[in-house]
Structure formats: C-alpha cells, structure tokens
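S.K.: Taking the hints as your guide, dock the two standalone chains into a single complex.
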Amino acid sequence: MSARLSIEVVAGTHRPGDRVTGAVTVTDGGRVRTLTASLVYREWTRDYSEPARVEGATTLASDPVADGARLQFGLSLPADALPNHISARGGLRWEVVAETDVPGPDAAARQPIEVEAAGPG
Amino acid sequence: MPSLMAAHATHPHLPADRSPGPQSRRRKSDRRFVLWLLPALAVVAFVAAAAFLTGAVDAESDGGIVGGIVFAVGGAGLVIAFVLLARARQGTGGTHLQVTGEPLELMRGDKVHARFRISDAAKVSGKVEVGLVCVVFYDIVQVTNGSRRRVTRSEVAWEAWQTAQPGTAPQAFDFSVPRDAPFSYEGTCLSLAWRLTAREDRPRRRDPHTNEPVWVRP
Chain A
1 MSARLSIEVV AGTHRPGDRV TGAVTVTDGG RVRTLTASLV YREWTRDYSE PARVEGATTL
61 ASDPVADGAR LQFGLSLPAD ALPNHISARG GLRWEVVAET DVPGPDAAAR QPIEVEAAGP
121 G
Chain B
1 MPSLMAAHAT HPHLPADRSP GPQSRRRKSD RRFVLWLLPA LAVVAFVAAA AFLTGAVDAE
61 SDGGIVGGIV FAVGGAGLVI AFVLLARARQ GTGGTHLQVT GEPLELMRGD KVHARFRISD
121 AAKVSGKVEV GLVCVVFYDI VQVTNGSRRR VTRSEVAWEA WQTAQPGTAP QAFDFSVPRD
181 APFSYEGTCL SLAWRLTARE DRPRRRDPHT NEPVWVRP
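Protein chains in written order, with the numbering used here: chain A, 1 to 121; chain B, 1 to 218.
Bound-form chain B, shown alone (with noise of 0.2 Å):
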C-alpha cells in the first residue's frame, strides 16, 4: 500500500490503488529529467560569467565569444527553471475548491456523485464549475530540426460540466458515464484517465483547479 501512496503522489491523474502504466511512467521520467537539465544549465551560466568577472577570459577573444554564448544559454535555461520550479510548487492553484466523488470506481453506465465546497469564498473572482472529464494521453513523433523525438501528448476526449453556486454551502452534483464512452486505461504509448474537476474561469488568467481521479471501467 505504501507504494501505491507514493504511485498516487507522483501520477496524480491515477486513484490511489491503481499503477501506473508505461506511458505515465515514462512522462515522469522526461519531467524529471527537464527539470534536472535546466539548473545544470544554470551552473554552466555562472561558471562562464564568474570567468567573465575575474578575468579569466578575454571578452574579445574567441574563448570569449563561446563563453559568452555559453552565459546566455545558462542564463535562459535559470530563468526557465525558476518558472518551472514554481508552478510546480505552485500546483493547480485549486486550494480553496474542494470536490471530491462516489464512488470513485465505477462502470460505464453508472453514474457518480460529486461532493463540491468552496472553502474560502473571498478567493473566488471567477465562475466555479465542476466537472467529469476524461483525458487522452497520446504519443507522437515531433519532428525538431531534423531530429525526431517521443512526446506525449493530451487532449480532453469527453467532459461534462455543472455550475456551482458562490457561496461555501456544500453542494451535489450527478454525473452519469455514456456506455460508449471511453473506459480508463494505462498504455504504452495511449492512456485514458477520468477525473472529477472543480475549476474557476478566471479571464485572461490561468485557471484554478482541483481534480479527483476516478476509474472508470468498461
């Protein structure tokens, strides 16, 4: 069980008692990687400015124009990952929208109750909506440069939306799964995942959500 816990924890689109599949296994790993990358990238940059600021290297000079190139691309690479590190920090930005469903492992054909509560109402500026959704994760060969690489990639396959009402009064929606829509699946290179979602629209700004992950079985 432990493990699962920790499965959960790091693909948040799964419930807690189910694995995951190669596919999501192997997104985890470019994130990881990506972020691994960037700080690397970061020390290369500081490296070539501290070589800048002692003299070590003639800006003029060959060794200067590399490493000025060198600075830059270290440089860039910080800043992104500063801005990674903190929206990964920062999550869905959801924390005042709580929803949550049973049951949470169903058929298609059934039907599942969401649970929704806005906990802190002063948060809101938006419309707040909850939802059941299902996501597509699919893979692709992307062409960059003549080099070829596996992505993966998402799209929402089918969804359903409510609108809550302001307020934090607990409120109750249904939502009933078509018998011919897609089922939950964990691939190699296609996964399915459904999930329960309670987003606010907030115009011109990123959107605040939270999700509760359901597995639907076909």
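Isolated chain A (complex conformation) (with noise of 0.2 Å):
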C-alpha cells in the first residue's frame, strides 16, 4: 500500500516574505525514502495545470516514517512572491506541495494557501 499525505497550514493569509508554517501527517508511511515539502506557485486553468515556481522545497523526512507520523515544516514565501489571482477562466496561486520518494507510484499532496501582495510602502 502506498503512503497518503495530509496537510495542514496554519490559517491567515500570507503576503510575500512571510513563513508559511504547518504539518505534514503520513499514512501507511513505512516504505517512505525521502519525503519533501515546498512552495509551489500554480497557474491553472479548466484543462491545464502547470507549476510556474517551486520555492524553499525541503527534506522533512529521509528514513522510513512510522504510520500516522506528523513532521512539522517551516517554509519561506520569496520576497518577489507573486499574489494569489482567481478568475472564471482559471487562476494563479501558491501551494504547499508534499511528496515522498517510494518504491512505485510517489504519493503527493497539495493544500492551497492565501497569498495577497505586499503591502504598500
């Protein structure tokens, strides 16, 4: 059985510079290699997904991990971050992206964060 990945952000909303912080929680997780986490900033549309820039990706596990196990991490949103943008036809935002390295199919979860642009001045 391949590992499943969970993850929760401290809520708020984010603005460039700023750390997103939260936990990663893995299921079935004992045939985990590496498991990685980053900021990725996602445009999107009705049929296509595509990541236009991974940021501050981070190993939070190199060993097996034991089922049920909750690593905590800590990522920095660039400074040049570019906001958040939703549209009827599709949109741009930032997500955490959590990944495992494992024999056969990798395991992958995304969860969405907010992101507004820096403030003026």
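Simulated from the structure, these hints should not be mistaken for lab results.
All values derive from a computational prediction rather than experimental measurement.
Just so you know, even glycine gets a beta-carbon here, dropped at the ideal spot from N, CA and C.
Any given hint could turn out to be false.
[As the list claims (entries may be wrong)] Computed footprint of chain B on chain A; a stretch qualifies when at least three of its residues, placed anywhere within it, have a C-beta under 8 Å from a C-beta of chain B:
1) 37-48
2) 88-99
[Said to hold, decoys possible] Sample of chain A residues with no beta-carbon within 12 Å of chain B, all distances over it, derived:
3) ARG4
4) SER6
5) ALA57
6) THR58
7) LEU60
8) ALA61
9) ASP63
10) VAL102
[As the list claims (entries may be wrong)] For the chain A half of the interface with chain B, some residues (derived, Cβ under 8 Å), not all of them:
11) ALA52
12) LEU82
13) PRO83
14) HIS85
15) ALA117
M.R.: As structure tokens, then:
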C-alpha cells in the first residue's frame, strides 16, 4: 500500500516574505524513502495545470516514517512572490506541496494557501 | 534591447521591455504554422489544376476524382490564406486613433493618465471610446472529430471605458486600476495582459482600434 499524505497549514493570509508553517501527516508511511515539502506557485485553467515556480524545497524525512507520523514544516515565501489571483477562466495561487519518494507511484498532496500582495510602501 | 524591441513587434500585447512567456511564444508559433500551411495547400491545388488542364489526369478516373478533391481543398486554403494575410496587413485598422499613457508600468491601486488624439476626423464614422482593458489568455483542450488539441482563447477580464469627443483636439483620460484587479502575467497556460485602447464603434463592421500595452504589477 502506498503512503498517503495530508497537509495542515496554520490559518491566515500570507504576504511575500512570510513564513508558512504547518505539518504533513503520513499514513502507511513505512515504505517512504524521502519526504519533501515545498511552496509552488501554480497556474491553472479548466484543462491545464502548470507549476510556474517552486520555492523552499525542504526534506522533512529521509528514513522510513512511522504510520501516523506528523512532521512539522516551515517554508518561506520569496520576497518577490506574486499574489494569488482567481478568475472564471483559471487562476494563479500558491500551494504547499508534499511529496514522497517510494518504490512504485510516488504519493503527493497539495494544500492551497492565501497569499496577497505586499502592502503599500 | 534590440531583442526586446523585436519581441514587442511580434508580441504587441507586451510593453517593449517585457519578454513573452511560454504561452505567448506558443501562440505566435501556432499562427506562423497556419500561415505556412494554407499557401502549401494552395500550391497543391495549383498542381492538381495544372494536371487537369494539361490532360495528364482524366476527370472521370479515380485519379481524377482524388485530384478534384485535392484541388477543392487547396483552393479553399488559398482563399483562406489570402483573407488571413490581408487581415494581418490591415492590422487593427485604427491608424487614425492615437493613444498613449503615463505611466505605462504601474501598480494596482495606481492611476494611468491616457492621452488620446484623432489624427484624421474624416475617417471617423462611429462612436469613439478610450479604455483601460485587461485580457486573460487561457489554454483549453479543444476536441474536434475525436482529436484533441491545445488552443489558447482570450476574453476581457476587466475593462473601463470613457467616451471621446469628436474632432482632432488632444484629449486626456484618467483610469484607476482597482487593488483587487488582475495583474500582468506571462505564463504557460494562463496570461494576463493590460492595455490602453482607443476604439471606434462601427455597427455591423469591424471596429478600428489601437492599443498601447501597459504593465500592471501586483
């Protein structure tokens, strides 16, 4: 059985340069070789989804992870991060992405986060 | 700088100092492919017609039937190619409308001051407006007869318009970009482009217009 991941992010709206904190919970993680978390700026439409930018990739675990393990993370939004934008035809948004490297299909999870533009001045 | 100026000439939705993203470069390549394919079909039609006229192919034979189909397809391609090339040469048709702005790079919440002039009032036959417009370019899968291909569509994401006065006297308009409006973005499957536009509303005809790209930062 492949690992399953879920991501919790500390609630709130972020701005460029902010630190995004939370935890990744791993279920059935005995076969996980590595577990990484990163911030991804994703653009999407009805039919397509592309990662436009990946930041702060961090290794949370590099050994077999116990079932139910909860791994904390802290990732920094870049100072020049663009804000989220959602429209009827698609959008742009930041996500926390957690990925494992396991024998067979890799498991991954994505959790969108709210990012607004830096304040004036 | 020369490469950026060339990029603006081939990607007129972008200010001169901005490079096109993957989606914009792909849109340009798609247009070039169509403009080469259609004349190629025209050449095929010419060859088929020449074969008929010289008696090389009998119109009632199987080869003649195929040749006739090829001629029809190529002939249609020739007509479409001429129409597309004529439209490309015509451009936006707004040579008598001049619009520019200051600043051409601004942030959401800022104002842009547009300067507008009609250079030849005799060419105006409809209502003239000046606007600030944001267009979203988005990729979708188009399914046609079971085959799927990636196409880029566009539509207005935000717009504001003001009516211009007739005559050739210079005019000025101010537009504010809302703080929650889209921002300029060049992407892979989604792009957002802002522009100042002067347009003339001609009922039941193509509306002449001229554009000045604007870059809006978040």
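S.K.: Now tell me if each hint is right for this structure.
M.R.: Going down the list of hints, with the structure as the test:
With a cut-off of 8 Å between beta carbons, the segment 37-48 of chain A has 6 residues touching chain B; three or more are needed, and the interface restraint holds. Under the rule that three or more residues need a Cβ within less than 8 Å of chain B, the assignment of the segment 88-99 of chain A holds, with 4 such residues. Non-interface call for ARG4 (chain A) relative to chain B: holds, since the shortest CB-CB distance, roughly 28 Å, exceeds 12 Å. Distance check on SER6 (chain A): its Cβ is at least 27 Å (rounded) from any Cβ of chain B, clearing the 12 Å threshold; non-interface status holds.
Listed as a non-interface residue, ALA57 (chain A) keeps its Cβ farther than 12 Å from every Cβ of chain B; the least gap is roughly 20 Å. Chain B leaves THR58 (chain A) outside its interface by the beta-carbon criterion, the shortest separation being 25 Å against a cut-off of 12 Å. Residue-level check passed: LEU60 (chain A) sits 28 Å from the nearest beta carbon of chain B, beyond 12 Å. Consistency note on ALA61 (chain A): stated as away from chain B, and its beta-carbon is indeed over 12 Å from all of that chain's, at 31 Å minimum.
For ASP63 (chain A), the non-interface assignment is confirmed: its Cβ lies about 36 Å from the closest Cβ of chain B, beyond the 12 Å cut-off. Every Cβ of chain B is farther than 12 Å from the Cβ of VAL102 (chain A); the closest lies at roughly 28 Å, confirming the non-interface assignment. Checking ALA52 (chain A) against chain B by beta carbon gives a least distance of about 6 Å; that is within 8 Å, so the hint holds. Hint on LEU82 (chain A) holds. Least Cβ distance to chain B is approximately 6 Å, under the 8 Å limit.
Hint status for PRO83 (chain A) relative to chain B: holds, with the closest Cβ pair at about 5 Å, below 8 Å. The interface hint given for HIS85 (chain A) is met, as the beta carbon of that residue sits about 6 Å from the closest beta carbon of chain B, less than 8 Å. Interface hint status for ALA117 (chain A): upheld, as the beta-carbon distance to the closest one in chain B is roughly 4 Å, under 8 Å.
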